[in-house]
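4 protein chains.
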Amino acid sequence: MSTFGTLFKVTTYGESHCKSVGCIVDGVPPNMSLSEDDIQSQLSRRRPGQSKLTTQRNEKDRVQIQSGTEFGKTLGTPIGMIVLNQDQHPKDYSEMDNYPRPSHADYTYIEKYGIKASSGGGRASARETIGRVAAGAIAEKLLKQVNNVEIVAFVSGVGKCQLDRSSQNPEFMDLLQNITRDQVDAGGPIRCPIPDKASEMTKIVEHYKSQNDSIGGIVTCVVRNVPVGLGEPAFDKLEAILAHAMLSIPATKGFEIGSGFAGTVIPGSEHNDPFIMKGGHLGTKTNNSGGTQGGISNGENIYFSVAFKSPATISKPQDTATYDGEKGVLTAKGRHDPNVVPRAIPIVEAMTALTLADAYLIQKSRASTFGVVH
Amino acid sequence: MSTFGTLFKVTTYGESHCKSVGCIVDGVPPNMSLSEDDIQSQLSRRRPGQSKLTTQRNEKDRVQIQSGTEFGKTLGTPIGMIVLNQDQHPKDYSEMDNYPRPSHADYTYIEKYGIKASSGGGRASARETIGRVAAGAIAEKLLKQVNNVEIVAFVSGVGKCQLDRSSQNPEFMDLLQNITRDQVDAGGPIRCPIPDKASEMTKIVEHYKSQNDSIGGIVTCVVRNVPVGLGEPAFDKLEAILAHAMLSIPATKGFEIGSGFAGTVIPGSEHNDPFIMKGGHLGTKTNNSGGTQGGISNGENIYFSVAFKSPATISKPQDTATYDGEKGVLTAKGRHDPNVVPRAIPIVEAMTALTLADAYLIQKSRASTFGVVH
Amino acid sequence: MSTFGTLFKVTTYGESHCKSVGCIVDGVPPNMSLSEDDIQSQLSRRRPGQSKLTTQRNEKDRVQIQSGTEFGKTLGTPIGMIVLNQDQHPKDYSEMDNYPRPSHADYTYIEKYGIKASSGGGRASARETIGRVAAGAIAEKLLKQVNNVEIVAFVSGVGKCQLDRSSQNPEFMDLLQNITRDQVDAGGPIRCPIPDKASEMTKIVEHYKSQNDSIGGIVTCVVRNVPVGLGEPAFDKLEAILAHAMLSIPATKGFEIGSGFAGTVIPGSEHNDPFIMKGGHLGTKTNNSGGTQGGISNGENIYFSVAFKSPATISKPQDTATYDGEKGVLTAKGRHDPNVVPRAIPIVEAMTALTLADAYLIQKSRASTFGVVH
Amino acid sequence: MSTFGTLFKVTTYGESHCKSVGCIVDGVPPNMSLSEDDIQSQLSRRRPGQSKLTTQRNEKDRVQIQSGTEFGKTLGTPIGMIVLNQDQHPKDYSEMDNYPRPSHADYTYIEKYGIKASSGGGRASARETIGRVAAGAIAEKLLKQVNNVEIVAFVSGVGKCQLDRSSQNPEFMDLLQNITRDQVDAGGPIRCPIPDKASEMTKIVEHYKSQNDSIGGIVTCVVRNVPVGLGEPAFDKLEAILAHAMLSIPATKGFEIGSGFAGTVIPGSEHNDPFIMKGGHLGTKTNNSGGTQGGISNGENIYFSVAFKSPATISKPQDTATYDGEKGVLTAKGRHDPNVVPRAIPIVEAMTALTLADAYLIQKSRASTFGVVH
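Protein chains in written order, with UniProt numbering: chain A, 1 to 374; chain B, 1 to 374; chain C, 1 to 374; chain D, 1 to 374.
With the rest of the complex left out, here is chain A (with noise of 0.2 angstroms):
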């Protein structure tokens, strides 16, 4: 449904062109500061238009708290967010009504609900995001404040152009241990740090908006200084909550975490992390692992990558079928997103925030009661 977490729990609402989106954030810990600007720095990454690689609608998205701060500290009671619609077009997409869009939702949900919003994605659209992006930025101010996490995802690959991702490639592991966010931006709207990447990867999707096409990709998200112990066994393993909380984000079809699937193909004895003294307390020399081991954080960094799909909408012409099962061709008017992974990268960041917050509390419930070290 619309909640995530067990403790530090958001709950989302909203569609595309309703009065507003938006969140509550409970569980946040009392005493924190916290302001809107906070959160609006993230929201202003995920919205579009700041390119020309991506949609051009002006989305203003600006956050208003109603509720659990104040005089800019948070009181412990739920944060209410608020960002109101503004830009609706709901004419752009008239055409399209007597079709289901092929692999979007429209479909899905008149079966699921035997009704859909009229227009735009509705609760599938990619607005519906917002709450989760306002959640995670408090999230991760939390994060920031108890152990210094540093949340940093970024464009791994644009079509058939991607990083060697490798957990045994040193370049990349480097690129992992120190990518910073401002790197990230700094290379330009596509996001990828790597210039001649970033630079190809940019023309990969001029490519395919110049045909109407659109095109996917991956995103990887690192997460350093993360505390040691997070994640629950069995069912509640932090890289299965971290899984969950990644293909909950629209487009998304897959997760792999630390050596991935390409982890499967190398033998224990190489895939193996062994454990050396780092700084006074036990660490691994490789970390194949991604930092966990069953299901728990190590305390190395935490790194995973998700496999973003090529965006449903699309104007090029499509033949395909209309709700009463008739064939016809289908072009879809509007501006559409080419490609989402530079927009998603935000949204990668909140929900791995809102996953370590959710298991930093949890485990913080058990700490110390009879004697545990952390």
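One thing to keep in mind: the hints can contain errors.
Copies of one chain are not kept apart here, so a pair can be met inside one copy or by any two copies together.
Said to hold, decoys possible - Here are the simulated DSS-like cross-link-like pairs (lysine-lysine), alpha carbons at most 25 angstroms apart as the crow flies:
{"no.": "1", "residue 1": "LYS60", "residue 2": "LYS19"}
{"no.": "2", "residue 1": "LYS19", "residue 2": "LYS144"}
{"no.": "3", "residue 1": "LYS285", "residue 2": "LYS333"}
{"no.": "4", "residue 1": "LYS209", "residue 2": "LYS197"}
{"no.": "5", "residue 1": "LYS327", "residue 2": "LYS278"}
{"no.": "6", "residue 1": "LYS197", "residue 2": "LYS141"}
{"no.": "7", "residue 1": "LYS60", "residue 2": "LYS278"}
{"no.": "8", "residue 1": "LYS60", "residue 2": "LYS160"}
{"no.": "9", "residue 1": "LYS209", "residue 2": "LYS60"}
{"no.": "10", "residue 1": "LYS160", "residue 2": "LYS19"}
{"no.": "11", "residue 1": "LYS333", "residue 2": "LYS60"}
{"no.": "12", "residue 1": "LYS209", "residue 2": "LYS333"}
{"no.": "13", "residue 1": "LYS209", "residue 2": "LYS141"}
{"no.": "14", "residue 1": "LYS73", "residue 2": "LYS19"}
{"no.": "15", "residue 1": "LYS316", "residue 2": "LYS285"}
{"no.": "16", "residue 1": "LYS73", "residue 2": "LYS144"}
{"no.": "17", "residue 1": "LYS19", "residue 2": "LYS141"}
{"no.": "18", "residue 1": "LYS285", "residue 2": "LYS203"}
To be clear, the hints were calculated from the coordinates, so they are not data collected in a lab.
Given the coordinates of chain A, assemble chains B, C and D onto it according to the supplied hints.
Chains B, C and D in isolation, oriented as in the chain A frame:
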């Protein structure tokens, strides 16, 4: 934690060397035929010692239903199930006591809890999955009866030997359409239904076994006859819950549904699944989506793949460090699986069934109140 | 926390002096007619300032639906609702700043959170219940449509003036069978439907108001046409959830269902409700049970009573201590309700509706799968 | 359903005549000393057959810990517990097969589930509470260790013989301050600590037993040394969860905390608990609140009372109807408790401990992150 599901809810208990492992399954609809035999078949499929490819421990694993049924019918009350632990061999592992096994859960458990089971994998052991498989067998029976749902998992990769799992490979899509559980098992202990691939995979496992090493693999699972409309936007999209379920299985590192990571390179105009009429209702011509759109099942086959890393416990000596940080060499004694994917088959099927049974009950609560067809 | 329900789920936000209060209602079945008018009527019933018996703050409390409906129909997606805070008067409370109000939440909030809203009741304010009432109105509409469920609460006690609420009092049982919401409101602002009792209660409230004091009371609620089979043993018995719901309302101190505390003195042979035929199905001759047996609704009227203490904030001087422990006298300024039970009526009705709507959806998910009649 | 709690979470299974009853307790902090003896004492206190006042079935009720501990310490993993069903006597109940017992769960179970256990109370049997008591013993040990929390329940009413439970009765408040579990048990099987009242209550029970009838009663429970700050506004106020917990116990009809229903007649100026210094921190002079304000514990004693109806199963003939609606006379065979309140004592204590342990862990997750004292 140790509970999975909202309405069809399983809670498991047990570690590798305690009295028993088991589960409580709450929310099973009443009046369903159910016997221990219904459950035992899948439990037996997950037992080790079924072939020379997997560990030889002779786990009997006989399930005993404690409650929730009478005269072969479910009562609607919680079904308690127990499987005794018999083959415990705690001494086999004694040499490892000073070393946290690299890439195993020894270190993270001791850090998280300040204590861990003295031998074996404890709660991180594969024995924890017995409760899941027992519960999954009940979920599967429910799904079978309400819509003839078929769930079949098989090995699609071992080390570098992999099937071409592309959503645009007609042979693979045919396999998904037709594969049966009998065919999977008929192919020998490796559980790959393509004979020459099975043979190659078997050799790979034997090779690593002879090296006292281990190797990973990939499990693909297909679900046919899924009712339309399952899955709950926004956070509980069907693929999100499936990803959660799969990444909660020990040793998993990745999940992809439909076209997955490979789908990111297919432009929207090819990736989109056009609608066509199929037997009186809308279906899709292709199935790059993998059976869901917008997080909701669309009636097409759901299929996804899960990456399993190479098992962490190997007899080959490993340079690592003790809990105290002293360098040393760990040589694990005991019998260890060189590859877990064949045994993972019933676990993947179980977690799939649990996910879908829960989604089915949730959707059933909403449907038809105000004129929804499904 | 701030979420109530499993499938029909409300999450509220807001305190007494922030921008707005509101809620998100998730899980509302699709295709249900719903407008702001459906919600406003109950919100208006909970407004203060409706009579000289309650506080005169002029809260407008206009609900604004943000999402989840289109053209007057529910979409099945979360319904966001907002009510602006208008009459804030923070200065009225300034004198109390050094004193935690006796029996109010000032002290416990500061101890729990280390911070509290600077004026008014913060999250412990009655304004928090606005979101509940708005959500409850939707739940009520659902229940009305699926089984013509009727929920009517009324004042059954103010101070020492109390109705004879015995389950063995035929007049009281008749009242429960016939009372309507219109009759409750017609009886004047005290909302007791027995005129002479209403008159007496009104005098009691006026007396305590004139003393700058306050007095408590009792609300009784009856629900008619409840479907048989609602409620989930063992922990989520219908009466357990109702008790949870009622004791979550500010200022409540007790809950009893059916015969309640008085029923403990009635021997089993008299207390048991014998079965008789009623219009083609089994019913009970008496209703000491209050409409549930074994935690499950039996189709008879559900009725229960809720005790509300005398409001804590009074203008009469009180000997108490400051936060620092210094003795002193607190004289609360501002306008305060001398009695809250009339305003509690729509809140009790709302929490009842939320409880039953959730139980209804849960039961619906289980029913009819394998031949259950209901 | 059959799970209670968020972080300290118990799931129970089992009915009156299946193989075993038991539970899984998830979320127990690691490194806590725990043996079967810790649990058995409370289980033995709830056993029937301890005196002539309660039913003579010889239930052995030996708990067997299945998992989650090693060498007498908790591992932090789920604790599975089993108690075998031994004395089943299904034939004793055969005559009742055509009749739903008045005010028992026979009718509602068959209506809800379309099936019910063929004999005994099934899931509605008091045996279901064994899992609760076992889990509660663990919760209690946790609370004892972290803050020396003391939970003592006792019988405060049987039929018309009742203690004066007024929050303004100094003797009763003294009793709450000093009563021990040993004193409760020392008073004989009726478990009322006031000797002359105990004697009178015993006579009442014997009277109704001799009439083949039954009689109800009241249990009062006090909790001392509760940490300040437990309980989660708005819906999960501590008293709301306690009410939920208590009304989930079979045969309960009411709950009141602090002054309860009687408190509604006390004006605010008397009902308010003024603050005074107590040993260096703020406390309250009186305790009409019952230990919580705004849903949060304030450090004073928590006390509440629970109403238990007269047991439904009686041997006295009852005019009623069969499942088919034919009039007839039901005379229940078998041995039946004429009064359940003495046996309810450890169940009330267990549900109290489960509620507080969960609230404690939840609060612990929030505290001290940003400077909260507690």
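| query | Going back to the hint list, which numbers does this structure go against? | reply | 2, 6, 7, 8, 10, 13 and 18
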